[in-house]
Amino acid sequence: MDSIIHALDLVGTAVFAITGALVAGRKRMDTFGVVILGCVTAVGGGTLRDVVLGHHPVFWISSPHYLAIAALAAIGTFVVAHRWRLPEMAIAYADAVGLAVFTVIGFQTSFQTTGSFGISIIMGMTTGVVGGIIRDVLAGKIPLIFHKEIYALASLLGASLLAVSIHFHWPAPLALPLAILATLGVRIAALHWNLTLPTFPPKYLSPAE
Amino acid sequence: MDSIIHALDLVGTAVFAITGALVAGRKRMDTFGVVILGCVTAVGGGTLRDVVLGHHPVFWISSPHYLAIAALAAIGTFVVAHRWRLPEMAIAYADAVGLAVFTVIGFQTSFQTTGSFGISIIMGMTTGVVGGIIRDVLAGKIPLIFHKEIYALASLLGASLLAVSIHFHWPAPLALPLAILATLGVRIAALHWNLTLPTFPPKYLSPAE
Amino acid sequence: MDSIIHALDLVGTAVFAITGALVAGRKRMDTFGVVILGCVTAVGGGTLRDVVLGHHPVFWISSPHYLAIAALAAIGTFVVAHRWRLPEMAIAYADAVGLAVFTVIGFQTSFQTTGSFGISIIMGMTTGVVGGIIRDVLAGKIPLIFHKEIYALASLLGASLLAVSIHFHWPAPLALPLAILATLGVRIAALHWNLTLPTFPPKYLSPAE
Chain H
618 MDSIIHALDL VGTAVFAITG ALVAGRKRMD TFGVVILGCV TAVGGGTLRD
668 VVLGHHPVFW ISSPHYLAIA ALAAIGTFVV AHRWRLPEMA IAYADAVGLA
718 VFTVIGFQTS FQTTGSFGIS IIMGMTTGVV GGIIRDVLAG KIPLIFHKEI
768 YALASLLGAS LLAVSIHFHW PAPLALPLAI LATLGVRIAA LHWNLTLPTF
818 PPKYLSPAE
Chain X
618 MDSIIHALDL VGTAVFAITG ALVAGRKRMD TFGVVILGCV TAVGGGTLRD
668 VVLGHHPVFW ISSPHYLAIA ALAAIGTFVV AHRWRLPEMA IAYADAVGLA
718 VFTVIGFQTS FQTTGSFGIS IIMGMTTGVV GGIIRDVLAG KIPLIFHKEI
768 YALASLLGAS LLAVSIHFHW PAPLALPLAI LATLGVRIAA LHWNLTLPTF
818 PPKYLSPAE
Chain C
618 MDSIIHALDL VGTAVFAITG ALVAGRKRMD TFGVVILGCV TAVGGGTLRD
668 VVLGHHPVFW ISSPHYLAIA ALAAIGTFVV AHRWRLPEMA IAYADAVGLA
718 VFTVIGFQTS FQTTGSFGIS IIMGMTTGVV GGIIRDVLAG KIPLIFHKEI
768 YALASLLGAS LLAVSIHFHW PAPLALPLAI LATLGVRIAA LHWNLTLPTF
818 PPKYLSPAE
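Chains as they are written, first to last, in the working numbering: chain H, 618 to 826; chain X, 618 to 826; chain C, 618 to 826.
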């Protein structure tokens, strides 16, 4: 089970690095900027989680292969993008896999040291969404998670389901895939049917801004 | 005294969460984005303070009710904004209360572990202003504190007054309210009379930018 | 040797504070914003390095003179800019000195605690480039390092050269200046001849963005 989770963690790392590289490419960043943004996107969420919980050094210092995989994925994206146009939707779906896996891994990492459901749900979300937030801020964009289809909510639901399954002592080989599939399912449904949450009513908008 | 400070801390948390929710609403973020930006605004300053000082886990991990209050305040803002238009100035005045309270609490938290006036003044300012900086960056704006009426300076003055009062052994029930009122007074005076600090002279501005 | 490195560290701190103050001035930030952005630019990279490695409190808490020098340099920049127009290129060259010195200091700080070449190269780059990234994000710009002449790559080369020289037991009085000069040389060559790295091919650019 652990080895499957670890494999998925590496897949999530590569996938987030690819999304970082693509955003960097669209913003006309250079080769090295592509690699840096790929790495930052891939490890940003887990870094904030470790810093906030007081785990140090952070995970990619003790396990440098995360950075190596992220850098390779970003370089690979750069090479491939010189030949083929990558379909937008394929990336969004891959990003959903990263979100789902990182949510579960973030929850577990936190639960092992804090033993708290509430904190671990928040740390699962943090691990899942913060890399993409940093990516968008560095690229000069308002982070996607704030104004697109349901994103962070998918992560919240997946992490909460994991908390429920631990509370009721469901076996890990059942609970972990279930939480990953729930996050993935909600996010892909949101992409597919353009599901969004309500925003402030237009009448509220300040005329002076 | 401690319970009054703690009560004010919770008020500051709620008030900053409301400002985060309002900025999120104006940027057309969705319900969940409103809650996240509210929480980040409310706990951002104290988080950086704790991380820099090496207090871990950070305060909202050991005391989760801060996040709960911030989330409730953000949701409440969202609900209320569907019915009434909140006056801009009321928010700016409430934000001044948050700035004043967080400055004093940040100073105290730091002074208890470092015993240094200089560091604690900086940590007071950090606690007071960083949440708003993160809020504005995530919303794609240049942080308000850099180009609006006197803001960070009010926090610096309040924290410095607290340092002076501790140096001269003034009793806490006198020193703490005084520092809060000084910060609040300077900030509200700046809002009321549009007090600003000088900027670079226009002739300096680079033509190429 | 150590005192030369320490002197250069203070020079790097002042120089980065000057670049922060100039960016703040161009964005019409007020006097206090100029000082804050100067300080954040000067200590931002070392702060992230210390937080990620788990060194706490961070260096400018234990050695407050870094912040004092940064604040003085920012104020000095503000005063001077009221009289003379500072030449752009002089700043860019000075910034290159900061990049070179901070890369070497970041590498050393990390190598003393981790003993890892790979991690220390990354920490050297982090110390060298992150202050400027935070400066640009707070000023509402896409960070320079992502789309201008070779910048982070110069830092990578300098830090890698230092790793090689430690591996082969070169004496520190040879290795440290060499790494600083290599970083500086690559960055200044890039500035002088407008050397850039390749970007994504235009055909890749998404039409919808």
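By construction, these hints were calculated from the structure, which means they are not laboratory data.
These numbers come from a predicted model, not from an experiment.
The beta-carbon is built from N, C-alpha and C at its ideal position, and this holds for glycine as well.
A portion of the hints provided could be inaccurate.
Below, simulated DSS-like cross-link-like pairs (lysine-lysine); rule was C-alpha separation at most 25 angstroms, straight line [as the list claims (entries may be wrong)]:
(1) H:Lys758 <-> X:Lys758
(2) X:Lys758 <-> C:Lys758
(3) X:Lys758 <-> H:Lys765
(4) C:Lys758 <-> H:Lys758
(5) H:Lys765 <-> C:Lys758
Reference listing, derived: stretches of chain C covered by chain H, where coverage requires no fewer than 3 residues with Cβ under 8 angstroms from a Cβ of chain H [stated by the list, open to error]:
(6) 669-683
(7) 731-737
(8) 806-815
Hints violated by the structure (listed by number, smallest first): No hint contradicted; all consistent.
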